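K.L.:
Chain by chain, the residues:
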Amino acid sequence: MKVTFPHMGNMSIAIKGLLTDLGLEVVPPPPITKKTITLGVRHSPEFACFPLKINMGNFIEALDEGANTIVMAGGTGPCRFGYYAQVQREILLDLGYDFEMIVLEPPQGQLSELTDKLKELCGERSWPHIMRALHNAWRKVKAMDAIHARSLQVRPRELQKGDTTRAYEQALQLLDEARTPAATSACLRQGLELLNKVPVQHDKEVLRIGIIGEIYMVLEPFANLQMEKVLGEMGVEVDRSIYLSHWIKEHLVLSSIGLKGSKDTKKAAAPYLQHFVGGHGWESVGDTVRYARRGFDGVVHILPFTCTPEIVAQSILPTVSREQGIPLISFSLDEQSGEAGFRTRLEAFLDLLKQRKTQEKLG
Amino acid sequence: MSVTVGIPRALLYYHYYPGWEAFFRALGAEVIVSDETTKAILDQGVRDAVDEACLPVKLYLGHLANLRDKKVDCIFAPRIVSVERKKYLCPKFLGLPEMARFCVDNLPEMLDVEINVHQKYQETHKGLLKLASRFGQPAAKAREALAAAKKAQEQYEAKLRQGYTPRDILEKRTEPAGGGNVRVAVMGHAYNLNDSYISMNLLARLREMGVDVVTSEMLRPQEIKRGTHSLQKDIFWTFGKELMGAALHLHEQGEIQGMVLVASFGCGPDSLVCEMVERVYKRAKKIPVLLLTIDEHTGEAGVVTRLEAFVDMLRWREAI
Ligand code: SF4
Chain Z
5 MKVTFPHMGN MSIAIKGLLT DLGLEVVPPP PITKKTITLG VRHSPEFACF PLKINMGNFI
65 EALDEGANTI VMAGGTGPCR FGYYAQVQRE ILLDLGYDFE MIVLEPPQGQ LSELTDKLKE
125 LCGERSWPHI MRALHNAWRK VKAMDAIHAR SLQVRPRELQ KGDTTRAYEQ ALQLLDEART
185 PAATSACLRQ GLELLNKVPV QHDKEVLRIG IIGEIYMVLE PFANLQMEKV LGEMGVEVDR
245 SIYLSHWIKE HLVLSSIGLK GSKDTKKAAA PYLQHFVGGH GWESVGDTVR YARRGFDGVV
305 HILPFTCTPE IVAQSILPTV SREQGIPLIS FSLDEQSGEA GFRTRLEAFL DLLKQRKTQE
365 KLG
Chain V
232 MSVTVGIPRA LLYYHYYPGW EAFFRALGAE VIVSDETTKA ILDQGVRDAV DEACLPVKLY
292 LGHLANLRDK KVDCIFAPRI VSVERKKYLC PKFLGLPEMA RFCVDNLPEM LDVEINVHQK
352 YQETHKGLLK LASRFGQPAA KAREALAAAK KAQEQYEAKL RQGYTPRDIL EKRTEPAGGG
412 NVRVAVMGHA YNLNDSYISM NLLARLREMG VDVVTSEMLR PQEIKRGTHS LQKDIFWTFG
472 KELMGAALHL HEQGEIQGMV LVASFGCGPD SLVCEMVERV YKRAKKIPVL LLTIDEHTGE
532 AGVVTRLEAF VDMLRWREAI
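So the sequence lines, in the order shown, correspond to chains Z and V.
Taking my numbering, the leading residue of the first sequence gets 5, the next gets one more, and so forth.
Taking my numbering, the leading residue of the second sequence gets 232, the next gets one more, and so forth.
I should point out that these hints are in silico values taken from the structure, not numbers from a laboratory.
Since we're looking at a predicted model, the values are computed, not measured.
Careful, some of the hints might be misleading.
Okay, the calculated bits of chain Z under chain V, using three or more residues with CB under 8 angstroms as the criterion [to be verified]: (1) 42-52; (2) 76-88; (3) 129-135.
Within a straight-line C-alpha distance of at most 27 angstroms, the following computed DSSO-like cross-link-like pairs (lysine-lysine) qualify [what the hints assert, rightly or not]: (4) Lys270(Z) with Lys270(V); (5) Lys253(Z) with Lys317(V); (6) Lys301(V) with Lys121(Z); (7) Lys464(V) with Lys123(Z); (8) Lys464(V) with Lys271(Z); (9) Lys361(V) with Lys271(Z); (10) Lys271(Z) with Lys301(V); (11) Lys464(V) with Lys6(Z); (12) Lys317(V) with Lys267(Z); (13) Lys253(Z) with Lys357(V); (14) Lys464(V) with Lys121(Z); (15) Lys382(V) with Lys123(Z); (16) Lys357(V) with Lys270(Z); (17) Lys301(V) with Lys270(V); (18) Lys270(Z) with Lys361(V).
So the derived label-pair ranges between C-beta atoms look like this [unchecked claim]: (19) Glu527(V) with Pro275(Z): 50 to 56 angstroms; (20) Pro111(Z) with Thr529(V): 40 to 46 angstroms; (21) Thr37(Z) with Lys270(V): 41 to 47 angstroms.
Note that beta-carbon positions come from the ideal geometry of N, C-alpha and C, so glycine has one too.
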């Protein structure tokens, strides 16, 4: 069994580690490039959302490199994501690939649906062995998230453009190699130190912007045109509303026992949206309210073109932004989004935020 | 004077109007439906909606504005989350009351009861009784209204299964059409197929060409269920499941000569469901498929030409 999986931000580091610890041969998909996107787009339904298309590109490239088993997450709806794997499987079969697809998702009926699939993956390994592997992977996810959060604070203040990104990548590299929970913790400390050593201007005035939206688009830099890095290097401290660790907790763990979304976010969203709408639509509304309350200068909303839950949010967010007094810009992205237009809109948005800030100061 | 309740002639109107109408009538309200779709109604909806919204949602917003302009006292705009176990409607239905409120200005009171059969069956029932109590009737009356709604809805659905389209029944046509010499499945959301403006009169046109039309409403639930049996994973959208089940069932039975698949531009679920259906049909190469994607710019002439060519092709295949 040669296992592969889709990319989503840094997730590959944790998944690769996990599958290797489970004794599997892993063929991670090659890093996402223009070619990945082209392949994915060519073999996906025209009106499918962008994440599905990128996944397809990953799968095709990994199968071409010899993978024969795909591990993919699923879901119980109502967002399209829950049905990705089914469609992707059919397309890949029609393309003539020979492979197995293992879909991990909250069980529809009995819990055994899920454990059977895990068994299929883990083969003869004992439960304690599996638990240890899961434990290390979970630590890694949390460590990556911590390092990421720190990098977002350092980057806008760095003296030398690019230093933060270099330190950040080095830190991830360390984590990638950590084989035990203890090693992971040590690498986390080292990684944070690397970031803390980046020369910065401490008293620099920075704008603070929250990023909200659909999780894949927020987490995958190739899909969001490196939004966080671009903003950071323009001197903006970015706060990310979603991390991989939240997603695992909510999507894979809590939702299988019937819980969804954080209480605070729901409460904050209530005057504008009173019901979950699949995906992260509800959170997008709630998080915007919370960023306003926390005194952020603005919010950037990222969604894949035609994403159903986020379109609900998009219909509501202009009102939220007006009533809560926080400027908001929405980027709906897919394979056709050009970098140029994106930068111009982003710069104009930052100008607006700066002006507002100066005006506030003048009183 | 009795209270006027407005019901938009869009989205779930084609699924549930008879039940809704019976419910409000039983409560002594006057029911007012928005006008048939016109260009003006659609344009209004397009202006009010965010660009990326799908065509049916844009149209729904246009119908809300139409009801507002008719000065109804309130509008029935339920949040329909789920109508059966383990199934949802599309995310847009889950946030419909808010999309309406924040996109369309100056709406009257919105009756936005939540229907969620999967997770909140009891609450749904209570919610409906509470809604009924807003019409100032005693509790017994509310229960009567629910019973009346159920009965009207059941009669409606039974009639659909005799081969009537929702539009046939809502317009009180009594003869089921049909009897044409080619049988074609027309698969798509009822709110697209039955809106003669945005579907460019698709169903009527096909019938005029002598086509015997089958839609998913005409099939029995068991048939739809049988159709979905071959799927590895059940589809969690009610309408997606119906489309898929009907399409696969008809494909297996081989009683149709062709299929017209109608997807609305910007529809999330359709982008996957229609893809799967098309793949199944194409693999077997037994039954030709015509895919129509409709949006607010679709030209009527082009569609008509493609339909005619498709039907001609089917007849020709039959002849040889
Ligand atoms: S199912 Fe499709 S057409 Fe219907 S509301 Fe959802 S996205 Fe729009």
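K.L.:
Each hint should be assessed against the structure and marked as holding or not.
P.N.:
Verification of the supplied hints:
1. A count of 4 residues in the stretch 42-52 of chain Z with a Cβ less than 8 angstroms from any Cβ of chain V is obtained; the coverage claim is therefore met, three being the minimum.
2. For the stretch 76-88 of chain Z, the proposed coverage by chain V is satisfied: 9 residues have a C-beta within less than 8 angstroms of a C-beta in that chain, meeting the threshold of three.
3. Note: the stretch 129-135 of chain Z has 0 residues with beta-carbon separation from chain V under 8 angstroms; the three-residue rule is not met and the coverage is violated.
4. For the suggested pair Lys270(Z) and Lys270(V), the alpha carbons sit about 38 angstroms apart, so the restraint of at most 27 angstroms is broken.
5. With a CA separation close to 22 angstroms, the supplied pair Lys253(Z) and Lys317(V) stays within the 27 angstroms bound.
6. Proposed proximity of Lys301(V) and Lys121(Z) is contradicted: the alpha carbons are some 57 angstroms apart, above 27 angstroms.
7. Under the criterion of a C-alpha separation no larger than 27 angstroms, the hint pairing Lys464(V) with Lys123(Z) is consistent with the structure, at around 19 angstroms.
8. The hinted pair formed by Lys464(V) and Lys271(Z) fails the criterion: a straight-line CA distance of about 34 angstroms is larger than 27 angstroms.
9. Straight-line distance between C-alpha atoms of Lys361(V) and Lys271(Z) comes to about 24 angstroms, which keeps the hinted pair within the 27 angstroms bound.
10. Between the alpha carbons of Lys271(Z) and Lys301(V) the distance comes to roughly 35 angstroms, so the proposed pair goes past 27 angstroms and is violated.
11. Pair hint Lys464(V) plus Lys6(Z) holds up; C-alpha atoms about 24 angstroms apart against a cutoff of 27 angstroms.
12. For a cut-off of 27 angstroms, the pair hint linking Lys317(V) to Lys267(Z) stands: about 24 angstroms separates their Cα positions.
13. This hinted pair does not check out: Lys253(Z) and Lys357(V) have alpha carbons roughly 33 angstroms apart, beyond 27 angstroms.
14. As the CA atoms of Lys464(V) and Lys121(Z) are separated by approximately 14 angstroms, the hinted pair is consistent with the 27 angstroms bound.
15. Annotation: proposed proximity of Lys382(V) to Lys123(Z) is violated, straight-line Cα distance about 49 angstroms (limit 27 angstroms).
16. Between Lys357(V) and Lys270(Z) the alpha-carbon distance is near 23 angstroms, which keeps this suggested pair within the 27 angstroms criterion.
17. Of the supplied pair hints, the one linking Lys301(V) and Lys270(V) holds, its CA atoms being roughly 17 angstroms apart against a limit of 27 angstroms.
18. Between Lys270(Z) and Lys361(V), the direct Cα distance comes to roughly 24 angstroms. Compliance with the 27 angstroms bound is thereby established for this hinted pair.
19. Taking the beta carbon of each, Glu527(V) and Pro275(Z) are about 32 angstroms apart, not inside 50 to 56 angstroms as hinted.
20. Between Pro111(Z) and Thr529(V) the Cβ separation comes to about 42 angstroms, which falls inside the hinted range of 40 to 46 angstroms.
21. Range check, Thr37(Z) to Lys270(V): Cβ separation about 45 angstroms, and the 41 to 47 angstroms hint holds.
The structure fails to meet hints 3, 4, 6, 8, 10, 13, 15, 19 from the earlier list, while all remaining hints are met.
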